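Here the protein sequences line up with chains A and B, keeping their order. The number in the working numbering is simply the position in the first sequence, starting from 1, with 1196 added. The number in the working numbering is simply the position in the second sequence, starting from 1, with 1 added.
None of these hints come from the bench; they were simulated from the model. Wrong hints could be hidden among the right ones.
A few chain B residues that face chain A, going by a derived Cβ cut-off under 7 Å, partial list only [what the hints assert, rightly or not]:
| id | residue |
| --- | --- |
| 1 | Ala21 |
| 2 | Cys113 |
| 3 | Ile159 |
| 4 | Met160 |
| 5 | Val162 |
| 6 | Leu173 |
Note that the structure is predicted; figures quoted are calculated from it, not measured. Virtual Cβ for every residue (Gly too), placed ideally from N, Cα, C.
Here is what each chain is made of, one letter per residue.
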Amino acid sequence: MATDTTAYEEMIKGLWRDNPVFVQVLGMCPMLAVTNSAINAVVMGLATFFVLVGSSFLVSAFKQWIPKQVRISLYIIIIATFVTVVDYSLLALLPAIHKELGAFIPLIVANCMILGRQEAFASKHTIKFAVMDAVGMASGFMIALFALGAVREILGVGAIFGVDLFGQNFEPWVIMILPPGGFLTLGLLLLFFNWVTERRKQFLDKVADAERVNANG
Amino acid sequence: MDDLLWIFISTLLVNNFVLAYFLGLCPFLGVSGQLETSFRLGLATTFVLVITALCAWVLNTYVLIYAPYLRLISFIVVIASTVQFIEMSIKKLSPSLFKSLGIFLPLITTNCAILGLAIFATNRGYGLVEGLVFALGAGAGFTLAMVLMAGIREETEIMDVPVLIRGTAFNLIIAGILSMAFMGFAGLFSST
């Protein structure tokens, strides 16, 4: 039972405490380029999810047979294989979105977050833990992508998932769906994340102080 | 000739790799603390981009017409090994050049700008000369963005910025403003 709780913790940590985007600031390129609408962000998130979980599973399963000197190249080849699978599947299933995401699907390979998880986690843990960790990290990445995509679509087009929100009188902030909007939104989201973390820390400090006073009194 | 110039200028300014396509953001946000380092990293990246364009063209022309699904894997493997090979020869032939540029080379190989260039060049069907000009433009654009960013960051070091904003959030907002400035170049070609 004890191992189950830790496996669960491995999964949960990717969502907030070690969120790949907001805390570790990894995987920026796909993050900003494809989040001009919520649906693109979700598809990109799912693609990354599949690649990360698949390659973590494979790396963890074959870790005894991977020689140390060539491990990075092997990880990249494993990741590239999964990305090719995703690329061709999307081309067959969702050609419209595949066209819009274009070169950024193959670029999942260059997402340092995925390689980072293989090197830092999957190559050192059992299959179960590696997959749990990958699920958590990929979900955290997906949440961040969705947050960015939703904010940019709501402000830039006045809609979410293509559904109009504000009616005729809304003047869209076109800049939000253009490249500068990506940088600015992510910067402000990071700021918000820092602020929440800081507030939480202050709150916990205050609680600790109060407890100390109670103990002394 | 006009076409080549157009490719160069548009990749350098209008479709800047960093500020419009978000490629190569890791070094852009991570290593842009000092002007000197940024400039040298930019040069080294330009060098790798040109090698990449060459590799991509060779692969596309001679190998990938028979097996298009190997595109991604072969790009990565060939580019990484070529860069490694060149790194070793530079180390042997010119240690001083290696000292100033070489340390960056292994890092650059995993940069998404490199793979991005290969994929864009393939998707747009560039030939050898067009691909090389595209690579030079992308490299120059990357260097330009890096140097601008490093210059601004060196200035902000001595400014009184709230602790909460310092770090990546601040850099991203600077990048957003830079990117907005670069959007002005989009008007460069609309009149012709």
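Restraint outcome when B/Cys113 is required to lie within 7 Å of chain A by C-beta distance: B/Cys113 check passes; min Cβ-Cβ to chain A is 4 Å, inside 7 Å.
Agreement of hint B/Ile159 with chain A interface, Cβ distance less than 7 Å: Interface hint status for B/Ile159: violated (21 Å vs cutoff 7 Å).
Supplied contact hint for B/Met160, tested at 7 Å Cβ to chain A: violated (17 Å)
Evaluation of the interface hint that places B/Ala21 against chain A, nearest CB under 7 Å: At about 5 Å, which falls below the 7 Å cut-off, the nearest Cβ of chain A leaves the hint on B/Ala21 intact, so it holds.
Status of the B/Leu173 interface restraint (C-beta, 7 Å, chain A): Nearest chain A Cβ about 3 Å off; hint holds.
Interface hint for B/Val162, Cβ within 7 Å of any Cβ on chain A: violated (12 Å)
When the structure is compared with the earlier hints, violations turn up for hints 3, 4, 5 and for no others.
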